[in-house]
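Working from the sequences, and respecting the hints, build out all of it.
Protein sequence lines, in the order shown, are assigned to chains F and B. Per the UniProt record's numbering, the first sequence starts with residue 1, numbered consecutively. Per the UniProt record's numbering, the second sequence starts with residue 1, numbered consecutively.
Derived by calculation from the structure, the hints in this document are not laboratory data. Virtual Cβ for every residue (Gly too), placed ideally from N, Cα, C. It is possible that part of the hints are untrue.
[What the hints assert, rightly or not] Below, simulated BS3-like cross-link-like pairs (lysine-lysine); rule was C-alpha separation at most 25 Å, straight line:
1. B:K34 to F:K90
2. B:K31 to F:K74
3. F:K439 to B:K31
4. F:K57 to B:K183
5. B:K31 to F:K90
6. F:K439 to F:K339
7. F:K439 to B:K34
8. B:K183 to F:K164
9. B:K167 to F:K164
10. F:K166 to B:K167
[Claimed, not checked] Derived contacts from chain F toward chain B, CB cut-off under 10 Å, selection only:
11. D12
12. H14
13. K57
14. T133
15. S149
16. A319
[As the list claims (entries may be wrong)] Estimated spans, in silico, between C-beta atoms of each pair:
17. B:Q196 to F:P55: 18 to 26 Å
18. B:E182 to F:V305: 58 to 66 Å
19. F:L15 to B:D51: 48 to 56 Å
20. B:Q196 to F:G96: 50 to 58 Å
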Amino acid sequence: MTGKTLYDKIWDAHLVQQDADGTGLLYIDRHLVHEVTSPQAFEGLRMAGRQVRAPEKTIAVPDHNVPTTEGRDKVIENEDSRIQVEALDKNAREFGINYYPVSDIRQGIVHIVGPEQGWTLPGMTVVCGDSHTATHGAFGALAHGIGTSEVEHVLATQTLIQSKSKNMKVEITGKLAPGVTAKDITLSVIGKTGTAGGTGYVIEYCGEAIRALSMEGRMTVCNMAIEGGARAGLIAPDETTFEYVKGRPHAPKGAQWEAAMEWWKTLYSDDDAHWDKVVTIRGEDIAPVVTWGTSPEDVLPITDVVPDPAAFKGGKVEAAKRALDYMGLKAGTPLKEIKIDTVFIGSCTNGRIEDLRAAAAILKGKKIKDGMRAMVVPGSGLVRAQAEEEGLADIFKEAGFEWRLAGCSMCLAMNPDQLAPGERCAATSNRNFEGRQGKGGRTHLMSPAMAAAAAITGHLTDVREMM
Amino acid sequence: MDKFESFSGIAAPMPLVNIDTDMIIPKQFLKTIKRSGLGVNLFAEMRYLDDGSENPDFVLNNPAYRNAEIIVAGDNFGCGSSREHAPWAIKDFGIKCVISTSFADIFFNNCFKNGILPITLPEEQVEVLMRDAEKGANARLDIDLENQTVTTSEGESFHFEVDPFRKHCLLEGLDDIGLTMEKAAAIDSFESQAAQARPWV
Ligand code: SF4
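Listed below in structure tokens is the structure:
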């Protein structure tokens, strides 16, 4: 008998029932809910006269379209946003689920709040009506995004109908060079596999360079598994994980902690497990990267130049032409010469304390370029408070950054933080699609340190030159 | 959910790869708390000009394709966010079937939950269908879910694969939640076992 992968183990431990055709009914341990993809699901429950089956395992927080400016707990100006946030307030109350309203310091981006509060634990199944649920895979939890119909399904039954994915191993060997971060790992993997390279798979990230990452870094890596097309990303739990989880408000305590640890320590892929696909990248070969186009796979080392669309194959030739046109770039231009107007540091990819520390380290004692618009949106109220305590907020403010309240903000520009047409942004978020940060807005994805460097120089910059 | 019947319909060609959910339904239309009425905003940023008027170059504004019920698209259709507003908008516009070489996972799942049939076919076959679709309103594709075939206006027929359970649900118009609730006993017993094995959850 061959061994099992970590994914196999978690799958097996949550399988309620398997049908003859291979579809499984999977039990869900944690269901995270936000204001944009849930109203129709709650409405569906009401219309069918159904209850939330496990309100104690359901956690709601508004994040996607809340303003990140002061005063938002009093009034949200935009009417549609207000209606959605009010609907979540009401649904959370009526169905008795755990809730962190905007007035609560623990409020923040759902994928940052879950781990921070200890809701996310190793070996769990975690779902949310948001594709970046993959973030929670950093704990060795099987976590993926679902649509609103599935949100309703999980609310009503605490289960999800799933067919099993294939197993893919992404190994990052060796050590990262200075200036190279988790964001560079995850973007480089997508650059190598393409945005559809992971379709049909659950990815497990492993190797020395992954082991060396903090939990924050691991969350950054898993966060973008979905951008590579995978259903979920996983990293086997280890001491770093247990250390992070221990003592969190909803983490087990005492004898339960011991019992949990016993199981958690079995959560790894067996040596003889079967992999359907394996990708290996040398940590030493990864450089600080930026995206040049309108898909996260359009990524290159900062030392490179804007590519020539003719160099691609098939449908990608047209897509690359269209991307350069949209981005207002010419083939052959050195990436470092691309001027930017705006810097956005935040999102569930890079809105945690370590990310803010990395950006602040570059910004310390410096000023952003004249005319630059720059903002930091911490991932949660607690990250914000900690950054203030550590003096990071002052560094950002003195450099000329706006210091915001927690939320998704300019990651998807559903709140008032948007790019104007043609405005070019260095962003630490995860998507550079057309119009993602505002209609006509141009997004370059990169790590927090790279974004900070660009804020100072006014163009895309190799952070290694500033270290 | 309505039953998915076999039909013959106009197919709109969209030979673009990576058509993402932000293109299908831009985020400014996600602030609704309803499922219906999103069809007018389908592909909004490509479909309308800055002044709000229709972009004559966009396929669905071409008189031949205004009543399209099928989209034939390039690789990796529906990538990006999990927003179910994407299939809601597609459905509300009147599209019942999307054909591509590959689909993003979440979008693919969401289609079935909304009575839309996503069909995956090899590149050569999608190309044939794309060329057929480019002929306009007189060239209709036949979609037969029962027999799992797509047939071009010239009578060339391709077989496609579909998960048997999903096919059954589409054909019968079954609602997943109702089906799963019939398994309540199994969920109850799993839950009590899990409470023993992993009491900290
Ligand atoms: S920060 Fe961006 S990617 Fe993350 S949950 Fe919010 S909108 Fe989605």
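What hint numbers does the structure not satisfy?
-> Hints 11, 20 are the ones this structure does not satisfy, whereas the remaining hints hold.
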